[in-house]
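Asker: Sequences are here, hints too, so could you generate the full structure?
Note that the numbering used here has the sequence shown beginning at 1, numbered continuously upward.
Derived from the structure by calculation, the hints contain no laboratory data.
Hints may be right or wrong, so weigh each one.
Listed below are the simulated EDC-like cross-link pairs for lysine to aspartate or glutamate, each with C-alpha atoms no more than 16 Å apart in a straight line [stated by the list, open to error]:
#	residue 1	residue 2
1	100	117
2	100	60
3	88	77
Every value quoted in this text rests on a predicted model; they were computed, and no experiment measured them.
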Amino acid sequence: MHRTRVARVAAAALAAAAFTAFAPAVPAIADSTVRAADACPGTSTVGRYCGYHAGTQWAELGSQGDHVKEIQALINETTRYGEPGGTKLVVDGIYGANTKSAVTWFQWYYGSEVISDGIVGPRTWEMLRYGKR
Numbered sequence: 001m002h003r004t005r006v007a008r009v010a011a012a013a014l015a016a017a018a019f020t021a022f023a024p025a026v027p028a029i030a031d032s033t034v035r036a037a038d039a040c041p042g043t044s045t046v047g048r049y050c051g052y053h054a055g056t057q058w059a060e061l062g063s064q065g066d067h068v069k070e071i072q073a074l075i076n077e078t079t080r081y082g083e084p085g086g087t088k089l090v091v092d093g094i095y096g097a098n099t100k101s102a103v104t105w106f107q108w109y110y111g112s113e114v115i116s117d118g119i120v121g122p123r124t125w126e127m128l129r130y131g132k133r
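Answerer: This is the structure in structure tokens:
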């Protein structure tokens, strides 16, 4: 009886090892862009946050960095920009013509007290983070 039990345990261990050896590898977490986009509609102590930049750094045409990625992701994930059937912003951290156009649209569409100048300053950040007009 002891030999039969040992044989069963050995067979089960061998089967488990074979299964894990041939099972497809699945990454635990996708790239940072996907993680940030998934987190974007969430809120934190700074309001809506997409995982790139928690501050309110000034941004305009030619700006680059994580603060620009945050702006791009916030516009993509929390507004109707690019709908229906339009193109969302590429979240690349480069404040080019497309980002300026999206920010100008955002300021016009959502901000009654903000000038639609395509520059992200304190009032535009407040609207992006908290949806305040």
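Asker: To test your reading of the hints: which numbers does this structure violate?
Answerer: The structure conflicts with no hint, since it agrees with every one listed earlier.
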